[in-house]
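> Listed here are the chains, written in short residue letters.
There are 2 protein chains.
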Amino acid sequence: MGSSLKVVGLGPGDSALLTPQAQKAIADADVIVGYTLYVDLVSDALKEGKEIISTGMMGEMARCEKAIEVARSGKNTVVVCSGDPGIYAMSGLIYELAEEYLDTLEIEVVAGIPALSAASALLGAPLMHDFAVISLSDLLTEWDVIEKRLKAAAEADFVIVLYNPKSKRRDWQIEKALDIVREVRSADTPVGLVKSAYRNEQEVIVFSLNSFDISQVNMLSTIIIGNSSTRMIGENIVTPRGYLNKYRK
Amino acid sequence: MGSSLKVVGLGPGDSALLTPQAQKAIADADVIVGYTLYVDLVSDALKEGKEIISTGMMGEMARCEKAIEVARSGKNTVVVCSGDPGIYAMSGLIYELAEEYLDTLEIEVVAGIPALSAASALLGAPLMHDFAVISLSDLLTEWDVIEKRLKAAAEADFVIVLYNPKSKRRDWQIEKALDIVREVRSADTPVGLVKSAYRNEQEVIVFSLNSFDISQVNMLSTIIIGNSSTRMIGENIVTPRGYLNKYRK
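Chains as they are written, first to last, in the numbering used here: chain A, 1366 to 1614; chain B, 1366 to 1614.
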């Protein structure tokens, strides 16, 4: 094997949630590649002395191509992603673009705490039972496909985790998604909104399905919609796994 | 606030995947409560000088009740779980059992790298698009509900992550689940099996949907079934997000 390319998950961004494996991958790298906002999440100490290649929002293809090119030139390279690099992030595109180089380029995915786990921890325990994870971004996926998945998940009573609910240019998808769920789920179903988890700007808000305020949603939001069993325990959203039903009734 | 109870995710078990936040929660605790296998994953150095309360497999209720009792007595207590404590683990049951004590008992969930992220990282990039997470354990959930969710997830073309595919007393669910997916998905759909991720006994095996060998599945397995776009890139399972379709065709 020649050079090494690692796709590294930073988790929410706080270094307290960065795994030692991810920290070491970054420390061992010669070059850090990433979207500007994610590179900013890496501590200055960890970045010191390294080449940094950061690009703006729409440069995913160019960024991954650049990372592959740099790694193939013999420099240990990391692509940093927020959350888990394996969930709606860069690991797939890296494999696709590096397909013809796999004989000589070693690619490794270094997991990070995903946004769904961070949001769940801050909301209580909403993901104790089966859940579906759906991105509301229709930039790369037809809305019909997203809508079909929302309907299927709602009807089969999955807890639903929404990624990418809104962006500057996409603002109507979240209301549409909630309307689909409202058709089959009760008005008081708990819905949690987590913004900027474990960052200074963190906000955690609990709504009911019918009181959800879409104006509160921003680009750094993860939304978790409860299933038919989900209820509030204190200020926490909890989806019972079923222990009490089985052992106490 | 009085005493503190933290439900802590160990991730796969390797200390390289334990977050500093989780490490600190354990280090700060007086008492560690957990299923024996999970307590064994905590390093001896981290356990030194602490009270350990570990119990066998079927004691979830008793274990959580004990943890709440000990925390209420004024000792800083952690309940350790493998993976993420918020996904099919103990955080929900802790909230349910502690409901009447929430005024005086501070509960915190400390996220860990979930099994789905660990399995995904080892398989390549199977979770680049919408996915459904389903537990095949019918100990606490009617099989009808599980089957309904499998059908819905298969028909709506979700990538499917299976937790708890098999145990000593449950061996037929995995074949049934695969049969449900086979009705709508092509025979050569990649299916990844990850056993004991990031532990010494780790095994990563890639099958096609029709060649899947259920005899390989054990209690420490996570299975990821691709969707209609999922394909092999080298030895890696990759579900394209759609960048190449959009920007190269």
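Think of the hints as simulated: they come from the structure by calculation, not from any bench.
Treat each hint with caution, since some may be false.
A pair holds if it fits inside one copy or across any two, identical chains being indistinguishable in the list.
Unchecked claim - Straight-line Cα separation of at most 30 Å, DSSO-like style, residue types lysine-lysine; simulated pairs:
id, residue 1, residue 2
1, 1533, 1611
2, 1611, 1541
3, 1560, 1516
4, 1541, 1516
5, 1516, 1440
6, 1440, 1541
7, 1389, 1513
> Look at each hint and say if it fits the structure.
Now the hints, each set against the structure:
Within a single copy, residue 1533 and residue 1611 get their C-alpha atoms only as close as 47 Å, which misses the 30 Å cut-off; across copies the closest is 20 Å, which meets it. Taking the closest pair of Cα atoms, residue 1611 and residue 1541 come within 30 Å of each other only across two copies (24 Å); inside a single copy the shortest separation is 36 Å, beyond that limit. Within a single copy, residue 1560 and residue 1516 get their C-alpha atoms as close as 25 Å, which meets the 30 Å cut-off; across copies the closest is 33 Å, which misses it. With identical chains, the CA atoms of residue 1541 and residue 1516 are at most 30 Å apart both within one copy (11 Å) and between copies (24 Å).
In this homomeric assembly, residue 1516 and residue 1440 never come within 30 Å of each other (Cα to Cα): the closest approach is 46 Å inside a single copy and 46 Å across copies. For the identical chains of this complex, residue 1440 and residue 1541 are neighbours neither inside a copy (46 Å) nor across copies (47 Å), given an alpha-carbon limit of 30 Å. Taking the closest pair of Cα atoms, residue 1389 and residue 1513 never come within 30 Å of each other, the shortest separation being 41 Å inside a single copy and 43 Å across copies.
In terms of the numbered hints stated before, the structure departs from hints 5, 6, 7, listed from lowest to highest.
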